[in-house]
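Asks: Just so you know, the sequences run in chain order A and B. Residue 12 in UniProt numbering sits at position 12 of the first sequence; the count goes up by one each step and never skips. Residue 222 in UniProt numbering sits at position 222 of the second sequence; the count goes up by one each step and never skips.
Any given hint might turn out to be false.
Unchecked claim - 27 Å max Cα-Cα, derived DSSO-like pairs, lysine-lysine:
1) A:199 with A:181
2) B:281 with A:108
3) A:73 with B:281
4) B:89 with B:111
5) B:173 with A:66
6) A:124 with A:112
7) A:73 with A:108
8) A:199 with A:230
Said to hold, decoys possible - Derived coverage of chain A by chain B (criterion: at least 3 residues anywhere in the stretch with Cβ under 8 Å from a Cβ of chain B; other residues may be distant):
9) 61 to 68
10) 80 to 87
No lab work stands behind these hints, which were simulated from the structure alone. Beta carbons: idealized from backbone N, C-alpha and C, even for Gly.
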Amino acid sequence: MGNAIQVNNLSVSYYGNQILNKVSFNMESGRLIGIIGPNGAGKSTLMKGMLGLIPTDCGTVTIDGKNVRSMRKAIAYVPQRATIDWDFPITVLETVVLGTYPSLGLFKRPGKKERAWAHECLEKVGMESYAHHQIGELSGGQQQRVFLARALAQQAEYFFLDEPFVGIDVTSEALIIGLLKELRDEGKTAFVVHHDLTKVKSYFDDLIIVNREIVGAGTVENVMQPETMKRAFKSQYSLWDSLEVASS
Amino acid sequence: MSFIQDIQNYEFLQKALFTAIIVGIISGVLGSFIILRGMSLMGDAISHAVLPGVAISYMLGISYFYGAVVFGLMTAFGIGFITQNSRIKNDTSIGIVFSAFFAVGIILIGKANTSTDLTSILFGNVLAVRDSDMWITLGVGIFVLSIIALFFKEFLISTFDPTLAASFGLSNKWIHYGLMVLLTLVTVASLQTVGIILVVAMLITPAATAYLLTNRLSHMIFISSVLGAVSATIGLYISFIYNWPSGAAIVLVTTAFFVTALLFSPKHGIVWRTLKVRKNKTAVGQ
């Protein structure tokens with residue numbers, strides 16, 4: 001096998017409430033993969049569960065046939081913006097330098113080399129002129145670009161982004177998706193939790209549609225079928241159904 | 001100045017100054033992490049909860065250091081246990097655990113029949129610092145500063161972005177308990193200087209002042225520790241000249257620095273912000 005991300009029977013629950021029920025799928029690497037589903041479907045939970053960031057009830061996740069925990073250095077994770085303390089006394093450049101920590105090891109401090117590399121990553125997201133600003137001074141889109149720069153600084157093979165496009169400007173969104181496509185073309189893999197259905201086709205190669213369980217997983221063309229979408233977004237569709245009934 | 005001459009003349013004053021400065025530095029450094037992690041109340045809790053440990057140490061005739069460390073850690077774990085295993089929120093479990101330990105301590109101190117009375121433990125008296133206290137404070141200071149220097153990266157990342165830290169394979173839980181150990185040690189080291197009741201002020205006030213003055217953690221830690229040491233020195237001076245309780249004097253100096261920063265900090269000061277708002281209002285013609 002190799003070169004693939006395999007999730008087998010992954011189940012996650014919070015305080016006895018099952019959020020994800022025996023989720024299984026198989027994705028190829030070198031693809032840009034969207035994780036979509038309605039609100040409360042467990043999209044972020046799926047991502048955190050895959051990365052071993054939350055306790056799981058059962059299931060296995062392997063990347064290239066290896067346990068995720070042993071693959072940590074090859075994985076860059078971008079958490080949701082809402083979880084960050086934006087008043088924290090840290091500059092944009094220092095935030096990106098954090099991405100170099102896993103490669104440094106214990107007791108070693110980041111030096112000139114790491115800072116120069118972080119600066120390069122900031123240039124890639126067009127944020128180099130903000131290097132010495134405190135992170136709270138940036139707009140939502142700029143913050144997200146800095147976080148992507150930090151992920152780039154990790155020199156990972158696999159990228160996991162949790163709702164990167166929430167509350168950001170159009171320019172930043174275009175820049176981020178452009179960069180993710182570049183990474184994909186270099187053979188990297190990116191998983192992106194996303195909730196806006198309109199751009200799915202132009203953004204992603206593959207899709208995982210989740211609603212407490214896997215509703216569909218595969219290429220965008222195969223998965224974006226009316227029946228599948230209806231099954232996943234039942235609650236949002238029910239309004240349309242009742243309107244249709246009323247008009248007929 | 002006569003204070004400087006007095007320092008040269010009196011050994012007790014030299015010891016007091018040395019101890020107070022070390023306490024100022026280490027609580028300034030550790031306090032920076034404590035306030036950024038939103039754990040200020042935890043500092044208050046641990047400082048109060050070491051009281052039974054102090055009493056038991058007196059009863060056993062050992063240094064109060066050991067008993068205090070044991071009870072400080074029991075508090076940290078007790079609070080963690082209640083928060084993780086029930087629906088009780090963190091601030092509530094802090095309140096329950098520390099007041100229970102403090103109550104036990106008050107009873108035990110009464111029974112301990114010690115020559116050191118409750119007042120000096122509660123409020124400290126740095127002018128009466130003994131050699132052994134001074135060396136304990138120095139030892140704790142060196143230990144705490146080395147641990148923070150060695151694990152600075154890990155402390156920074158788990159404080160700023162715990163989810164990222166977890167994705168790097170770091171254990172936020174162990175980092176938390178590691179900091180609790182350091183917090184207990186610093187509390188114990190500060191007992192003689194500012195006393196149980198006021199330890200929390202040394203931990204959070206200089207750090208909060210520094211937080212208002214800079215946007216970089218390394219600068220914040222530096223400013224905070226300098227403020228801690230300077231406050232300790234000025235406070236000791238006031239305490240010596242006017243015969244005020246040393247802990248209270250030191251704490252009021254830290255407060256004075258804080259109020260100044262709150263009003264006049266170049267970036268976050270209330271005064272400049274108000275002036276700016278007023279200027280903008282007149283600019284738009286209101």
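Asks: Next step is simple, just say for each hint if it's right about the structure.
Replies: Status of the hints after comparison with the structure:
The suggested pairing of residue 199 (chain A) with residue 181 (chain A) holds, with an alpha-carbon distance near 14 Å, which does not exceed 27 Å. A threshold of 27 Å between alpha carbons decides the hint, and for residue 281 (chain B) with residue 108 (chain A) the separation of about 50 Å lies outside it, so the pair is violated. Only pairs whose Cα atoms come within 27 Å are accepted, and residue 73 (chain A) paired with residue 281 (chain B) is rejected, the gap being roughly 52 Å. A hinted pair counts as satisfied when its Cα atoms are at most 27 Å apart, and residue 89 (chain B) with residue 111 (chain B) does not qualify at roughly 34 Å.
The hinted pair formed by residue 173 (chain B) and residue 66 (chain A) meets the criterion: a straight-line CA distance of about 26 Å does not exceed 27 Å. The hinted pair formed by residue 124 (chain A) and residue 112 (chain A) meets the criterion: a straight-line CA distance of about 19 Å does not exceed 27 Å. For the hint pairing residue 73 (chain A) with residue 108 (chain A), the CA-to-CA distance comes to about 16 Å; that is within 27 Å, so the pair holds. Taking the CA atoms of residue 199 (chain A) and residue 230 (chain A), the gap is near 17 Å; set against the 27 Å cutoff, the hint holds.
With 0 residues carrying a beta carbon less than 8 Å from a beta carbon of chain B, the segment 61 to 68 of chain A misses the three-residue requirement, and the given coverage is violated. Remark: the segment 80 to 87 of chain A is confirmed as covered by chain B, as 3 of its residues place a Cβ nearer than 8 Å to a Cβ of that chain, reaching the required three.
The structure does not agree with the numbered hints 2, 3, 4, 9 stated previously, though it agrees with the rest.
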